[in-house]
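J.: Note that the protein sequences, when read in sequence, are chains A and B.
Residues 0 to 380 in numbering that gives the first Met the number 0 are what the first sequence spells out, letter by letter.
Residues 0 to 380 in numbering that gives the first Met the number 0 are what the second sequence spells out, letter by letter.
These are computed hints drawn from the structure, not numbers from a lab.
Do not take every clue at face value.
If chains are identical, the list can't say which one is meant, so a pair holds when it fits in one copy or spans any two.
Stated by the list, open to error - Mimicking BS3-like on lysine-lysine, the simulated pairs with C-alpha atoms at most 30 angstroms apart in a straight line are: (1) 237 - 331; (2) 212 - 269; (3) 214 - 249; (4) 269 - 237; (5) 269 - 214; (6) 331 - 247; (7) 324 - 247; (8) 324 - 243; (9) 324 - 237; (10) 77 - 374; (11) 269 - 64; (12) 77 - 249; (13) 247 - 237; (14) 214 - 237.
Keep in mind the model is a prediction, meaning the values are calculated, not measured.
Protein chains: 2
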Amino acid sequence: MLIATPQSQHFADPLALQSGASIRAYDLSFETYGTLNADKTNAVLVCHALNASHHVAGVYAGQEKSEGWWDSMIGPGKSLDTDQFFVIGVNNLGSCFGSTGPMHANPHTGAVYGADFPVLTVEDWVNTQARLMDVLGIGKLAAVMGGSLGGMQALSWTLQYPERIAHAVVIASAPNLTAENIAFNEVARRAITTDPDFNGGNFYAQDGQPETKPKRGLRIARMIGHITYLSDDVMNEKFGRSLKDSAKLKFSTQDAEFQIESYLRYQGDKFAEYFDANTYLLITRALDYFDPAGACDGNLSQAFQRARAKFLLVSFTTDWRFSPKRSREIVKALMDNRLDVTYAEIDAPHGHDAFLLDDPRYLNVVSSYFNNIYKSLGASS
Amino acid sequence: MLIATPQSQHFADPLALQSGASIRAYDLSFETYGTLNADKTNAVLVCHALNASHHVAGVYAGQEKSEGWWDSMIGPGKSLDTDQFFVIGVNNLGSCFGSTGPMHANPHTGAVYGADFPVLTVEDWVNTQARLMDVLGIGKLAAVMGGSLGGMQALSWTLQYPERIAHAVVIASAPNLTAENIAFNEVARRAITTDPDFNGGNFYAQDGQPETKPKRGLRIARMIGHITYLSDDVMNEKFGRSLKDSAKLKFSTQDAEFQIESYLRYQGDKFAEYFDANTYLLITRALDYFDPAGACDGNLSQAFQRARAKFLLVSFTTDWRFSPKRSREIVKALMDNRLDVTYAEIDAPHGHDAFLLDDPRYLNVVSSYFNNIYKSLGASS
Chain A
0 MLIATPQSQH
10 FADPLALQSG
20 ASIRAYDLSF
30 ETYGTLNADK
40 TNAVLVCHAL
50 NASHHVAGVY
60 AGQEKSEGWW
70 DSMIGPGKSL
80 DTDQFFVIGV
90 NNLGSCFGST
100 GPMHANPHTG
110 AVYGADFPVL
120 TVEDWVNTQA
130 RLMDVLGIGK
140 LAAVMGGSLG
150 GMQALSWTLQ
160 YPERIAHAVV
170 IASAPNLTAE
180 NIAFNEVARR
190 AITTDPDFNG
200 GNFYAQDGQP
210 ETKPKRGLRI
220 ARMIGHITYL
230 SDDVMNEKFG
240 RSLKDSAKLK
250 FSTQDAEFQI
260 ESYLRYQGDK
270 FAEYFDANTY
280 LLITRALDYF
290 DPAGACDGNL
300 SQAFQRARAK
310 FLLVSFTTDW
320 RFSPKRSREI
330 VKALMDNRLD
340 VTYAEIDAPH
350 GHDAFLLDDP
360 RYLNVVSSYF
370 NNIYKSLGAS
380 S
Chain B
0 MLIATPQSQH
10 FADPLALQSG
20 ASIRAYDLSF
30 ETYGTLNADK
40 TNAVLVCHAL
50 NASHHVAGVY
60 AGQEKSEGWW
70 DSMIGPGKSL
80 DTDQFFVIGV
90 NNLGSCFGST
100 GPMHANPHTG
110 AVYGADFPVL
120 TVEDWVNTQA
130 RLMDVLGIGK
140 LAAVMGGSLG
150 GMQALSWTLQ
160 YPERIAHAVV
170 IASAPNLTAE
180 NIAFNEVARR
190 AITTDPDFNG
200 GNFYAQDGQP
210 ETKPKRGLRI
220 ARMIGHITYL
230 SDDVMNEKFG
240 RSLKDSAKLK
250 FSTQDAEFQI
260 ESYLRYQGDK
270 FAEYFDANTY
280 LLITRALDYF
290 DPAGACDGNL
300 SQAFQRARAK
310 FLLVSFTTDW
320 RFSPKRSREI
330 VKALMDNRLD
340 VTYAEIDAPH
350 GHDAFLLDDP
360 RYLNVVSSYF
370 NNIYKSLGAS
380 S
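Isolated chain A, as found in the complex:
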């Protein structure tokens, strides 16, 4: 079993952000798996989505249940084979798993950032990741890979650092969010910001005041998220109209009657314990903002004129949050630029969540793609 060891890197220089603000010294948590080859050509950066972290694969020593969030995909002999590639997972700036975020002290003032943490974009994250690659001595990545919001980061790498990325592996992603996607994010954010315990974002323990975590809002946010990550069909198959306790209705509007209700409540409770409310706002906002075609009057083909990478895109038929239609828009834009694109549309019932599951057809597509990358490394070394 792959044993993961979290690391942290301090960055002492301020970073200019897309908003016009800048962030002073900050830390990024990351993990690496496998070995960087002598030519430093086999590095693959894995970007995370909303609630994940730098812990993408393996387990922590002595904690056998601590599998990384993409452990089905990444490890020795897996689709992204850590015997062949040097894989890097990084926790995004502003997240809540070790990298500097709203719960940390602003080095300038000494006070906890809270609501003052700067608003970030996908482009900002890519810049922080590029700095980490500098520290690791990696000039050009064999690939950047991600699902959902992680896929947006992979896309952005091809536009911001076209010479530093050979392949982009973009799974269950989109060129931007639809109005419906923004709407779901907005409801989740409003649930958090209108929770009296949110306190304008300044809810951390400070100056002798205890923390007042806005758990009500986080629960609602997570419940909404969960519904949109699953397909209608898989929800019907998994829960249907099954009752929680028995075949007898309780006739209550406040108790959970149906299994789907207890499932969502459980997921909401769990999430509210470990996730940070300000991070939720920041990350959903970065999702909303991402729109590389925006600077080109909505012309995505024009936006990708800068890209030089080769691409693998994967989508899932029942994903209604990041539907195949959206991946096909990217494929079209890439082909308009005569870029090298492989596209797989997987007929999976699990909705957006499919990108985290172990459908063999999906894993095989990714495996083949990385095998070819690995062979090309051998040819050039």
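We have chain A; now place chain B onto it with these hints.
T.: Coordinates of chain B only, in the frame set by chain A:
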């Protein structure tokens, strides 16, 4: 213009409810339009969905902007022609537009019901509606008509009172809710019940305490509802990624950046002003519970063995909350019982909301159906 006049009917006898509880004396608000013919054969009952009322058509005297919620469908010369039919709109028991509900005093105790208001089902509503028909001297309805939850009431009429309904007009409805539908209802309910101002459902002014309306929760509930009433396509067309104020981002996680955000906030604010939180819980629960096939091991065809009515069903292609697939399940069950069914699937872009809009193909289908009913009345009178 049709002038509507709200009326109220008191029911002094207790009503046994499906839950096993019963409700004592209660009032129903209703309106009627048109004239009941001498044979009393031209009465049409119109049932409402979540947030509507007995005010289905026309305006109130001196208030020209007070159109009923289905005024595009119902009135003189309209699809349901009040020159031909005697139309009755009734506010459901437990709602908040005049009929007895959680905000009223329990006649038994004198205290406001609040959370003690009994949990109701579609079947209970149909029983209260049948009692109102008794009072109005209507033995058999020419039709019962409704959209969404209103359609469920029309379906239930054909099962509970098969001899008292000639036609059921069931629009954008379903034989029960899917797990996803229940899930959305549950998130909305949790937003309300975890709002500190909900106070377990007892938030009304009482004993010198002022009202503490759980507006935060109601806003979230309404925002979720709105997203699911619209289609992804119509949201993109109407709002897309347009910014609220200008072409310049504010880089804020708490201010509304996109037009879709301000729209949802506005809808949420408006709803929280006029709707009752306990009513929201009751009505969404009745939606969850409705499942006529449940008593027949899920066999909908068996459930409809009792029905004697003729049916018109209409669904809308982009309605993902009550999709055409669900209407087709009903059509199949009716045809299995050799019942007379007309089914129209309207290719409309507006999602579930289409049932309230004035698509001419939709209005024509309903118009033709009622014309035929009217002709058959003439033939038998």
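J.: Which numbered hints does this structure break?
T.: Hint check: 12 fails alone, others pass.
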